[in-house]
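A.B. asks: Listed below, chain by chain, are the residues.
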Amino acid sequence: MKQSFIGFSFRGAGWLGLLAVACLALACKGSQSANTTFGAPPLSDRTEAGVYKPYFATAEMHTPRYLHEVIRLKTGLIFVTGGSDERGFASLDSAEIFDEVQVKKGERRPDTLSGTWIDTDFEGNAIILEFSRMWHTSSILPDDKVIIIGGAANWIQSRPVERVEVFDPETRVFETLKDAKMVLPRIRHSSNFLPDGNILVSGGQFFDVFTDVQNQGNITGGGFGGGAITIQIRITIFPSTDSAEVFNFRELTFTRLTEPESTRPSNLSSSRGRAGHAAVSIAGFDSTLRTEDDLLVLVGGFQTPKTGTIVPQVTIARPPAGTLTLLKNLEVFDPTSGLFIQIGTAFLLGPRVNDPQAANFGVFNDRSPDNQLGMGNVFLVAQGDDNATACFNTMIQDEVFAATFTGFGPAFGLTMNRISYPASATENGHLPGIEATVANGGPEIPMTNFNPGRTMAGMVALPRSVETRPGQFATSTWVYAGSGVHTWCTPAGLATYFDGTVAAGVIFDPLYRLIPAADFTQNPRPNARDLTATRDPTTNPMGIVGTYLALDGKLPTTDRIGFGDTLFPPAATWAIVIAHRVWVELIALAGEDGIHDSVDDRVLHVGGGQEPDGSGGEPSAPSSEVLIMPRSL
Amino acid sequence: MLKTAGPIVIPITCGVGLIALFVFLLLRNADEPKPVAPAPKQAASESANAWEIPLGSPTEPVQSTPPQPAGAGLERWTLDNLPAGWNPQVAEHLAGFFARMEMTPDISQERLIDLAKAREEIADYLKSLGPEAIPTLSKILRVETDFVNRRFLLYALGDLGPKSEDATIALLDFYTARKDVPGSRSEVNHIVDAMKRLKNDTAYQMMGSFIDDQATSPEDCDKFIQALSEHPRREESEGRFIEKMRAHSDRSVRNHAAQALGKVKSKNSLGDLMAQCDREEAWHVRQTILGTIGKIGDASALPYLERVARTDEDSRVRLSAASAIRRIGTPRAKKILASVQAEERDPKNRDRFQGWLEEM
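Protein chains in written order, with my numbering: chain A, 1 to 633; chain B, 1 to 360.
Chain B with its partners taken away, still in its complex shape:
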């Protein structure tokens, strides 16, 4: 039984999984020397400290440090200097694709077209790889300088998740290395999106741990909640989602936690959803909560929805409450919606409710 309030209870299976994950990480680190750690954060801040503002007229150009992408600081890998453990065939293929995908300011139209082809070909190639490629993909991911190339590797590792737990470790490593690098918001989002594809047990444990960890940034917590809500074991995180919906200080986190509960669709969460809807200050989070109540589709929520649809001051919230009544869709729900429609103060809402009634 999952708690719906207070501290999160992690089921025994999850606990075992977590222990397994950490043991795995420990053993892995013991077996293998730590790969050359990308130190982009340090490199970036050193660069920033050393950098000086160019001042001058347009006829007196001042050569300044060229702009660096967010991946600056990663050492570019080369085919002629492959570290131990790399699969040279995979590396060679990827090097070929990456060379074709290199973007330069003066790139020709012909090269752009080939670049587009290379993007399709590398996607197909990466799909053809099995779990044996994970170590090489992971190594290249950590040293590849181009953010677009890294995205291909991220999603390739994500797609290998159902076949191997090692893919989880690779993405976890990379997330850990990148999450605090300034300017990496977009990339971190893509890392978590890749983790969404893993759909294995270690991924479930890992994402749950990050959500529970108070040190995880609100932005990352938000993304992990969205990713976990797509996991086959998401029902096990019902309590976790409820807790974040109730107690997190960030409204986006609360919003996506409520959204995740709409994917779990458990009647057990109705009480918490209704209580939070009354407490919540952000209008859009209240809408999501009401949407989730509608998706759960249990008629026991009708009295609550009717109250909100009739009495809430915010017409946007009344709209969502009425929609939830529509989703429940029973004859009684239709009767309530008709009554709500008759009393609705907002003419646009009233018209919309009428349209829904005609469809029911």
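Next up, chain A with everything else stripped away, as it sits in the complex:
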């Protein structure tokens, strides 16, 4: 039975996928824009002189921030909660809403073409959370309200918040649920939807006190038998957890996840759990997303110890090296069995911490352009770093995984494969294929430089249209990544090069070299790639190769770079520039057509900080931008 289920989910954004698909399936146009006479104001990605400038600053956020959560409401408005504007030493209790300012044809243009931020409720009061939070999650409930789960007031030694708050998008007022206390309050967890509409909260870190007994010497003589002098020291620690709990939205309660028909807890399969990971839904045995057999993949992140020989983590700030175990394994939650299952057939090439990202290539169509079912079984894992002290390295190689099923056994006999290719001179750490740029919006040019990796960045899956043959179009999914920082160590490993944020956004196109519409008019016409040529039923069932396309534009940021300046040489349109934007959240917006999840979608960059090495530093200004996605690809 077709049912709304986990779509794709970055940290806590499970219902985004749900909504996305619900909208696609029902051809809905968003409650605010259900009729197409309304839409976002027109924005052109070219100046009058024809220069490609796809980024537009919006009105400033009322409270610029990072380490926040962003989610799209059913109405299409973007909702931002919490975060910090002070390096995580204090968090924010404020929330605000981005209104793209939809217009009706013939109406006068709004005072800002790319949107405004709203910080008041339906009676004009400030929108305020009861508990200030960061490292929390936000998810949309079946009744369209938003639940805020977990997080902490600061990232030193603050106890994670056990109370959850629900935001009513109609009144824009928060209500703290009286009886819904988390079983284990946590941070750096993931929140995703289950087929029954409840929310699964997995992993993260929790607050604990470790009692350490230290020997201070021995006593002898004096008529006593002698003995050791010991003292007990109580230390606040933040171990990772393997526990999972479920929020029941009908009863408004949390309960520990248990195995079906049992009271036995169902835990993550990774010993000591997982925190700071990415979570992404994939299609199950039926190769169709949003059905009851969908699976949830947890990937990346780290573990911190509770006790033992490893130094415990005593704050919740950016985890110090030496206090944590970096994870390269993947595990899958199977809602049918209620179990987490360790993947033994595929691993990450390297650890990914500090906001790794994952996205499913079947979010907007389960089928490939040549009508093969299974795009929802393929996903991208990207971004993050190795968290090495004083010298952390961005993961420059992103990875694509594909799931296949036998139909028998746990998780329907799941086998996970990391799609790999023969090494090539052009690989440069990324998936091979041709690294290409989109100079002035296209056509693409082979890149002469490598495509930088990113950490502390954002990523969002978007629909796009591919013309599979003249006059025939298919919807598929591609992924935009923007902002963040690229770092690497010197060969001696002694220094870190903070090269600032990566200003040029990139698009990962899993179907690269299928003929885009624009290419039909090119002379000579580029060679099309035949997906069947790269298909392998075991290792690459969809024939995905893909490549990154770098946009010849960049985020408008601080005084360092003028908004929309073209700084890049034509043959190397990516650039590492000091653009001061880390911990940015990306989310899709409806475009001029007023329809969410259409190829007209835009990307909103929300918030961000200026210092990758200073726990975020001062918030960026401007604090949000809109990207017009290229349409000529």
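The set of hints was computed from the structure by calculation and includes no laboratory data. Note that this is a predicted model, so its numbers are computed, not measured. Hints may contain errors.
Unchecked claim - Okay, derived cross-link-like pairs now, BS3-like style, lysine-lysine, Cα gap no bigger than 27 Å in a straight line:
| hint | chain 1 | residue 1 | chain 2 | residue 2 |
| --- | --- | --- | --- | --- |
| 1 | B | K117 | A | K306 |
| 2 | A | K178 | B | K348 |
| 3 | B | K163 | B | K263 |
| 4 | A | K74 | B | K348 |
| 5 | B | K348 | A | K145 |
| 6 | A | K145 | B | K295 |
| 7 | B | K334 | B | K263 |
Claimed, not checked - From the derived model, a few chain A residues whose C-beta atoms are all more than 10 Å from chain B:
| hint | residue |
| --- | --- |
| 8 | P42 |
| 9 | T176 |
| 10 | V183 |
| 11 | P195 |
| 12 | G197 |
| 13 | T211 |
| 14 | Q216 |
| 15 | I219 |
| 16 | D293 |
| 17 | E331 |
| 18 | R367 |
| 19 | T468 |
| 20 | P470 |
Virtual Cβ for every residue (Gly too), placed ideally from N, Cα, C.
With chain A held as given, fit chain B onto it using these hints.
C.D. replies: Relative to chain A, chain B alone:
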């Protein structure tokens, strides 16, 4: 009597206050040499001009200019080189706190915990200071490079406002120095938030002047309106708020001006609020206006609210109008709300109105 339309009328008391403020500024500048002016804007743009894009492979790292915080360009102060007029004891204490609060990429867990303690201790220390510390706090504020440290000083000066008008001048100086520095949006917001705490007469005049000044950016004007709406003399700015609600081009400014009128709660503003609600194009501003009408709580607004609650095309606006009727809360208001509820087209609104009726 305050005008509710047209040019803003500044009451005589305000005018006198403004003159006093400017005379004070003039004398102060004459008495004291201008402190070493932070020139972050200039420094930043010079740096930007000199900066080159690094290109290369990951195995060939290119050393680029390290990222600079928005406060870059300010000269760091040191204890061994205190300019005249500093209170060395205050400076020494602050230097100690700031050293403990220094954030580095490889900071240890132990140092982080001490850093958190230092944050609590400096807050307590700053609360213990009297107006005599203002000159030193102001000087350090202008030369401190770390934005978090500056925030402590900003709010300390704000808290000294009720005790001394000098705190206003210190924050005014800093605002003037920082307001046009690119990348300083967050800090400017905090400066205005600190000004909110001043709650003295010069602060009232100063914030009012910035709101009235056409050269003030919409973002700053917005923040000043919010700050002034918390001032004990906010009622005197009723006309100013009305003017901004009616005529400002920025919807956030209009929204917070309407919000400010909800704190003034003057019946005199009802006519302007209703007229603007009919004219306003931004749905959320209309909601705020209706919320303000509800907060004023005058039954004379009921016919207007009833019309909006019954006939407006936007269900969000009808929701706010109905809520305003609920806030007025008279038996007649309840009767109107019941009637509105019966006719409401949006089922969610209808359910909500029913719940309100049961509570009334």
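A.B. asks: All the hints need checking, so say for each whether the structure fits it.
C.D. replies: Results for each hint:
1. With a C-alpha separation of about 24 Å, the suggested pairing of K117/B with K306/A holds against the 27 Å cut-off.
2. Note on K178/A and K348/B: the hinted pairing holds, with a Cα-Cα distance of about 23 Å set against a maximum of 27 Å.
3. For the proposed pair K163/B and K263/B, the alpha carbon gap of about 24 Å is at most 27 Å, so the pair holds.
4. Distance check on the hinted pair: K74/A and K348/B sit about 14 Å apart at the alpha-carbon level, within 27 Å; holds.
5. Simply put, K348/B and K145/A have alpha-carbon atoms about 13 Å apart, close enough for the 27 Å limit, and the pair holds.
6. For a cut-off of 27 Å, the pair hint linking K145/A to K295/B stands: about 26 Å separates their Cα positions.
7. Restraint check for K334/B and K263/B: the C-alpha separation of about 24 Å stays at or below 27 Å, so the hint holds.
8. At the 10 Å boundary, the C-beta of P42/A stays outside the reach of chain B, the nearest C-beta of that chain being 18 Å off.
9. Every Cβ of chain B is farther than 10 Å from the Cβ of T176/A; the closest lies at roughly 18 Å, confirming the non-interface assignment.
10. With 10 Å as the threshold on Cβ separation, the claim that V183/A sits away from chain B holds: the shortest Cβ distance comes to roughly 27 Å.
11. Every CB of chain B lies more than 10 Å from the CB of P195/A, the least distance being 26 Å, so the non-interface label holds.
12. No beta-carbon of chain B is positioned within 10 Å of the beta-carbon of G197/A; the least distance is around 19 Å.
13. With a least CB separation of 18 Å from chain B, T211/A remains clear of the 10 Å interface cut-off, as annotated.
14. For Q216/A, the non-interface assignment is confirmed: its Cβ lies about 20 Å from the closest Cβ of chain B, beyond the 10 Å cut-off.
15. Distance to chain B confirms I219/A as a non-interface residue, since its nearest Cβ pair spans about 30 Å, more than 10 Å.
16. Residue-level check passed: D293/A sits 33 Å from the nearest beta carbon of chain B, beyond 10 Å.
17. At the 10 Å boundary, the C-beta of E331/A stays outside the reach of chain B, the nearest C-beta of that chain being 28 Å off.
18. A cut-off of 10 Å between C-beta atoms confirms that R367/A is not in contact with chain B; the least separation is 37 Å.
19. With a cut of 10 Å on Cβ distances, T468/A stays outside the contact zone with chain B, its closest approach being about 36 Å.
20. The beta carbon of P470/A is kept farther than 10 Å from every beta carbon of chain B, the shortest such distance being approximately 39 Å.
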